[in-house]
Amino acid sequence: MALNLEIALKHLRSRVRQSVVAVLGVATGVGFSVAMAALMQGSLLDFQQKLIDASPHVLIKDEYRDPPLQPAERAFAGAVALDGLKPKEELRGIKRAKSLIAGLDTVPGLSAAPLLEGQVVIRFGGKDVAATLSGIDPERHIRVSQLADDMSTGTVTNLYAAANGVIAGDGLARKLGARIGNLLIVSSPAGVVLRMKLVGLFHTGVVAIDDARAYALLKKAQVLQDRPNVINRVRIAVPDIHQARGLARRLEERIGYLTESWDEANEDILNALQVRNVIMYVVVGAILLVAGFGIFNIVSTITYEKAHDIAILKSLGFRESDVRSIFVTEGLATGVGGSVLGWGLGFTLCKILESIEFNAKWAIEMEGLPIYYDPLQYGIATAIAVTSAGVAAFLPARRAARLNPVDIIRGAA
Amino acid sequence: MSMLQAEGVSRVLEGEVPVTLVRDIDVTFEAGEFCAITGPSGSGKSSLLYLLGLLDVPTEGRISIEDAATSSLPSDALADVRLGKLGFVFQFHFLLQEFTIRENVALPIRKLGRLAEPTALARAESLLEELGLGDKTRKYPHQLSGGERQRAAVARALANDPLIVLADEPTGNLDRRNGSIVFDIFERLAKEQGRTVITVTHDPSLAARAGRRITLVDGRIQEP
Ligand SMILES: Nc1ncnc2c1ncn2[C@@H]1O[C@H](COP(=O)(O)OP(=O)(O)O)[C@@H](O)[C@H]1O
Ligand SMILES: [Mg+2]
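Here the protein sequences line up with chains A and B, keeping their order.
Residue 3 is where the first sequence starts when you use the working numbering, and the numbers rise one by one after that.
Residue 14 is where the second sequence starts when you use the working numbering, and the numbers rise one by one after that.
These are calculated hints, taken from the structure and not from any lab test.
Remember, it's a predicted structure, so these values are computed and weren't measured experimentally.
Just so you know, not all the hints are guaranteed correct.
With beta-carbon atoms standing in for the labels, derived distance ranges [unchecked claim]:
(1) B:159 with A:413: 13 to 23 angstroms
(2) A:23 with B:41: 20 to 30 angstroms
(3) A:389 with B:37: 46 to 56 angstroms
(4) B:126 with A:389: 24 to 34 angstroms
(5) B:205 with A:389: 51 to 61 angstroms
(6) B:79 with A:16: 53 to 63 angstroms
(7) A:4 with B:77: 33 to 43 angstroms
As a list, the in silico DSS-like pairs of lysine-lysine whose alpha-carbon atoms are at most 25 angstroms apart [unchecked claim]:
(8) A:199 with A:221
(9) A:12 with B:149
(10) A:100 with A:63
(11) B:152 with A:12
(12) A:97 with A:63
(13) A:129 with A:199
Here are some, though not all, of the chain B residues that point toward chain A, as calculated from beta-carbon distances under 10 angstroms [as the list claims (entries may be wrong)]:
(14) 63
(15) 127
(16) 134
Note that CB positions come from ideal geometry on N, CA and C, so glycine has one too.
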């Protein structure tokens, strides 16, 4: 085996330029796949982190997954279709919310907070901006959200300080042109109009939230929406976000209301990221395929060039499998050498990407490219590169192993 | 016991027009025998040598080494026999360019794996020394003259102490003096070490030095 490796390396050295090109081909493939994987994984994790920070881990809504059966449908169960039904008006809002939250409070590790969310239009200085206003219980809310950390100006408790205090996303405030202390005119679909004082600004990094959300005390929101004592959301924080999905499913089964975990709520956007991964794999696959051609090329060239050597090795008593292993080893050595070089290239690319600073807004804000370093990225890229190198070398190696030494020796004479 | 025996051996190349390389070869070689195969060009000398050396397989008849038939052996087993018992010298030296000549000679020794690496190299050096190349062992083939290269190839053929040495016009590319040196070596191998040496040659004066001569005409052995 050591002998076969020695012969293989000597062969590669006899064709320095082509060997170097093949090694560089593999290095490029491995380097770029490592860098792309680090970038993709980094941005996915960064994105997830920002989503998790900004979204409720679990959110109970005053809605149902399937529209409830109308009384008539219940009465005529089995009818093919019922036309012209007037649906029963249901009062929106989560019923028996107090006991629901009290129940959640008894579960160790869980925190729950009631909200009343509703659409409002905020007017300031002649500008009207639509926003979602959440009525919150500040003490509870800061336990289930990052709001306290996200405050860029003021604190959440400022809500108590003013008669009608409101906290807005910094993007929303910018759109309105409002500053701390300004009086905003907030009107709801229920027709109630309140003058509210801007007492704080927050910044989450998720554009959709920073540009279109505001917080007020629960009581004020209920007045504004004309829904006294009603809440329509319960926001829950769990100690381990991976439990969120299971908890949401169990809760929904128990209470009937639509209960979503953060990942379910953001499924579309997470799926879009998966599509991005597919594109990455295609690109990396193409690079490695090209690298495979490079290896096929060098190994084929050597098998033709070294036909005499193959004949003499076989006449000396080397077996077919020895000859095959010599040339497969040449491919593998190219793959391994290229991979090691590719690690360096990939790491360097990661460092370069990481150092690029820019300001972009696409669903979330990014100040730079988030890079995630993981040895597994290197391992996978290397495994793929070395495997394809082996396959690329195997074809010419098999041909070489089958060469009939007599034909070659005769040809030389 | 015979060292190497061919019984009713024929080799026909398949094809639209089948080509008969050799036919009805019956010949036996004993240990210590030095035999020259002569004959006109195209008479099948090389073909016979490849068959005797298990590089080619007869279409009819059988080849035995030390009375053991080889016809049913798979290619790996044939390779093992070549490695352990046979040594080849061709008209072209076929040394590996990337290896020094002592590494070339050590190659079959290392392949056989009976000796440790340093011992293999030491044996290669002493073989080269016997063949008058003691001061060139670390040179590469392209740094040697034709005669030196051919002697290195002979050393490689002897690397694993073969029972049988097969040479196909080993002096074809050598001048008279170097050709004579190679034949001196063959003579010694047979006489002093009891090996069977079979060499194809065109040169009648060299052939005359062999203890036995076989002449091929049109793929058949011609009785004297
Ligand atoms: N692959 C082949 N196809 C057709 N004819 C061949 C082939 N190999 C050898 N021959 C022919 O077989 C005959 C014997 O060849 P060879 O054994 O090389 O003779 P020698 O070594 O005595 O010159 C020659 O006529 C040669 O042309
Ligand atoms: Mg010939």
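Quick one: which hint numbers does this structure break? Sort them smallest to largest. 2, 6, 15, 16
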